[in-house]
Amino acid sequence: MLAMPRKDLILFLGFAAAVLAMPIWLQPFGAAYPDLLNRFAIFAIFAVGFNILFGLTGYLSFGHAAFFGVGSYAAVWSFKLLSMDAVPALLFAVIISGLFALAIGFLSLRRSGIYFSILTLAFAQMSYNLAYSVFTPITNGETGLQLSLNDKRYLDRMFFEAGAGLPSPTLFGVTLSGYVAFYFCAFFLIATFFIAQRVTGSPFGMMLKGIKSNQTRMNYTGVNTRPYTLAAFVISGMYAGLAGALLAITDPLAGAERMQWTASGEVVLMTILGGAGTLVGPVIGAWLIKYFENIFSAINDGILSQFWGFLPEGAQHTAVLISSKFVGEGWFLTLGLVFVLIVVFLPGGVMEGVRRIASMIRPNKPTPASADSSATKPHPAE
Amino acid sequence: MFEAIFLQFLNGLDKGSAYALIALGLTLVFGTLGVVNFAHGALFMLGAFCAVLFRQLMTMETITIDPTKLSPWGAPLEVRAPLVQAWFGDFGAVLVNYSVPFSIILTIPVMLLVGIAFERGIIKHFYKRPHAEQILVTFGLAIVAQEIIKSIFGPNPIPQPMPEAARGAADIGIWLGMQANVITYPIWRLVYFLFAGVIIGGVFAFLQFTTFGMVVRAGMADRETVGLLGINIDRRFTIMFGLASVVAGLAGVMYTPLLPPNYHMGMDFLVLSFVVVVVGGMGSLPGAVAAGFLLGILQSFASMTQVKAIVPGIDQVIIYLVAVIILLVRPRGLMGRRGVMEA
Chain A
1 MLAMPRKDLI LFLGFAAAVL AMPIWLQPFG AAYPDLLNRF AIFAIFAVGF NILFGLTGYL
61 SFGHAAFFGV GSYAAVWSFK LLSMDAVPAL LFAVIISGLF ALAIGFLSLR RSGIYFSILT
121 LAFAQMSYNL AYSVFTPITN GETGLQLSLN DKRYLDRMFF EAGAGLPSPT LFGVTLSGYV
181 AFYFCAFFLI ATFFIAQRVT GSPFGMMLKG IKSNQTRMNY TGVNTRPYTL AAFVISGMYA
241 GLAGALLAIT DPLAGAERMQ WTASGEVVLM TILGGAGTLV GPVIGAWLIK YFENIFSAIN
301 DGILSQFWGF LPEGAQHTAV LISSKFVGEG WFLTLGLVFV LIVVFLPGGV MEGVRRIASM
361 IRPNKPTPAS ADSSATKPHP AE
Chain B
1001 MFEAIFLQFL NGLDKGSAYA LIALGLTLVF GTLGVVNFAH GALFMLGAFC AVLFRQLMTM
1061 ETITIDPTKL SPWGAPLEVR APLVQAWFGD FGAVLVNYSV PFSIILTIPV MLLVGIAFER
1121 GIIKHFYKRP HAEQILVTFG LAIVAQEIIK SIFGPNPIPQ PMPEAARGAA DIGIWLGMQA
1181 NVITYPIWRL VYFLFAGVII GGVFAFLQFT TFGMVVRAGM ADRETVGLLG INIDRRFTIM
1241 FGLASVVAGL AGVMYTPLLP PNYHMGMDFL VLSFVVVVVG GMGSLPGAVA AGFLLGILQS
1301 FASMTQVKAI VPGIDQVIIY LVAVIILLVR PRGLMGRRGV MEA
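Chains as they are written, first to last, in the working numbering: chain A, 1 to 382; chain B, 1001 to 1343.
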C-alpha cells in the first residue's frame, strides 16, 4: 500500500474518509439513515465491479444482475444451511458467483461488441426465468428465498441451541443492523475500491485498457486477450456477487427480480451516469441514482405545492401538476431524461463534467486525465 | 398426435408474427442506419397505446343527470350518451366495435411522426458513435417513452376488446377435412397472422418494386456510393426509420386484444426480438422474419406438457438457448451476410 503513487494514495484516503463520514455529511441531504446508506455502499460496490468490465475492458454486459442475484441466493442459503455469520455467507456468495461468472464469461467472451451484450443478456434472462420456474426448490420462486424457523444452520447448531424467533445476520456474534451494518458494508466498499484502484494501475489493468482501445491490435502483437477479458469478467462477477450477498446480509431475503435485465440496466445507468472508466465515477453514479430513487419517489403533491408556494395560485397549480409527473411514481422519467441527456452531451458522465469545469477554472493546465475520457474511446474489437 | 403438433404449430404463429414484425422493424433500422435500437420495443408499446387512445376517444360520453328518474339507490340517474353514436349513429357503433382495426388510421401518422422525431431529434447524432452508446441512448429513450405512457395511462394493463365478429374460435380442422372440434383456433390470432403476412409482404414489396425501395436497398449495400451519386440517402433512411416505427406500431395495435397493453410490454418484447434479430442474422430482413416465426413456433412446442416432462423449464429458456447456440456456432445468424457484424 505504501508503494502506491502519491496521487492514488490521496485519492484512496480521501475516498475512505468520505465513505466513513457519510452518516455525517449526508445529514443535510436527509439521506443519513442506515437503510439508505447500506444501499449506497452495496450498489457502489456493484458499479465499481461493473466498471472493471465495462469501463476498463470495454465490454458492455447486460446481464450482470444475474451475478448479483446469485450472490444474494448463495448468501441466504448459507444463512439457512451453515450459520447466521456474515463471513461464510460472503465467502460462499463470492465463490459461487465467481464460478457462475467463469462459466458465462467463458462462453460469452467468444464474441464482442453487441453480440457479447446480447449473449450476456440471454444468459441473465435464462437465469431469471429459471429462478422463477424450475429452480423454485432453490429460489422459492415468486415469494423469494427467506429465512424460516426450521432452517438447519448446521454450524450454528454445533455451538449453541436455536433461539426463539428468526435470527438476524451477525458478525462474530455482533448483530448486523443499523450503523454496524453500514460500517460493515462501508468496509467492503473501501476494500473493493482499493482492489479496483490497484487493478487499474497494475500491468493487468493496462492490458485491459489496451483491449478496450484496440483488441485486434493487441491480438496481432501476440497477446492472447481471452484470459485477460475472462479474468476481468470473473472479477466483476465476484464484485456483483459480493454486493448481492451484502444486500442479503442487511436484509435476509433474495428474490428473482434482482436478476431481471432491468436490474442489469440499472447498473449500466449508474456507471454511465457517474463516468465509465473512472474509479470514482461509478460510485457517484450509484449514489446519485439510489439517492434520487429514495428522495424523488418520496416527494408528493403537498411538498411540491410548498415548493412552488411563491407562485400565484393558478401558476402554482400548473407547476405542481407538471412537476408531479417527474417525482414520486414518475421519478424514473426524470432518470431516463437525465440519462439521455448525459449520453448525448456528456458521454463521460459526471466525472467528465467535473473535469470540464476544472479545466475551465485552470485553462492553461490541461489535465492529463482528460486524455482518456471515454468520449473519444473507440469500441473494443470493431 | 398429428393434431396436437399441428395445434402447437398454429399456437406459435401469433407470437411468431409479433416477433417477426418487431424484428423486421429492428432489422430495417439496423440495415439502413446501422443503429442498434433498444427503443424499438417502446415503439411497439406506443402503437398499442394508440389503440387504447383511439378507443378512449371513440367511447367518450356525455354524462347528464336526469332528475326525473331515480336509480335503485334513490340518487338521480346519470344518463350516459356515447358521443360517437350521437354524431355518427350506427356507424359510430361500428367504430366502437371495430376500434382496434380502425385505430390503424390513427397509428400510422402518429408512429411515422414519432419515428421521424426520434431519428431527427436524437438518433441522427449517434451514427458515428460506437454501438454501445447507441444502445445506451436508445435504452434511455425507451425508459422515457414508457414512463410518459405510464404517467398518462397509469401502470395497469388496459384490456382492449376485439371486434365481436372476431370473438370465439374457428374450426380449422373442418377446413382441412378433419373432424369437427379437433383443431380450433381463436379467430383473432388468425387475423393477426394474416395481418402480419400482409405487412411483411408490403414491406418487402415496397423495397423490391418501388424506386424508393431500390434506392434504399442500394444505400444498405453501399451508402457512400449512393450518396456520391447525388441522392439524399440520409432523408430516405429517416423515412425508413419512420416506416420501421410504423411497422412496430401496427404490430402493437393489432396485438392489443391478445395482450392487454401495459407500459412495460415493449421491454418484454424487445429482449426477445433482439434475440430474434440475432438468430436471423443482423441486417437480414428475410432472416428476421424467418427467425421470428421459427422461434415463436419453437417456443410453443417447448411449452407442450410432453416436452416439459422430458426437459423441465425448457419453455422458459428455449429462445435464449437457441440464441446462445446460434451466436456461438454461427454468429452471422441463419441468413446473415458474411462479414456483417461478424465478430
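Calculated from the structure, these hints are not laboratory results. Misleading hints may appear alongside valid ones.
Residues from chain B that face chain A, not an exhaustive set, calculated with beta carbons under 10 Å [what the hints assert, rightly or not]:
1. V1137
2. L1141
3. I1143
4. A1145
5. E1147
6. P1155
7. P1157
8. A1309
9. I1310
10. Q1316
Keep in mind it's a predicted model, so treat the numbers as computed, not measured. Here a beta-carbon is modelled for each residue, glycine too, at the ideal position from N, C-alpha and C.
We went through each hint and held it up to the structure:
no., hint, result
1, V1137, "holds (4 Å)"
2, L1141, "holds (6 Å)"
3, I1143, "holds (3 Å)"
4, A1145, "holds (8 Å)"
5, E1147, "holds (4 Å)"
6, P1155, "holds (8 Å)"
7, P1157, "violated (16 Å)"
8, A1309, "violated (12 Å)"
9, I1310, "violated (13 Å)"
10, Q1316, "holds (4 Å)"
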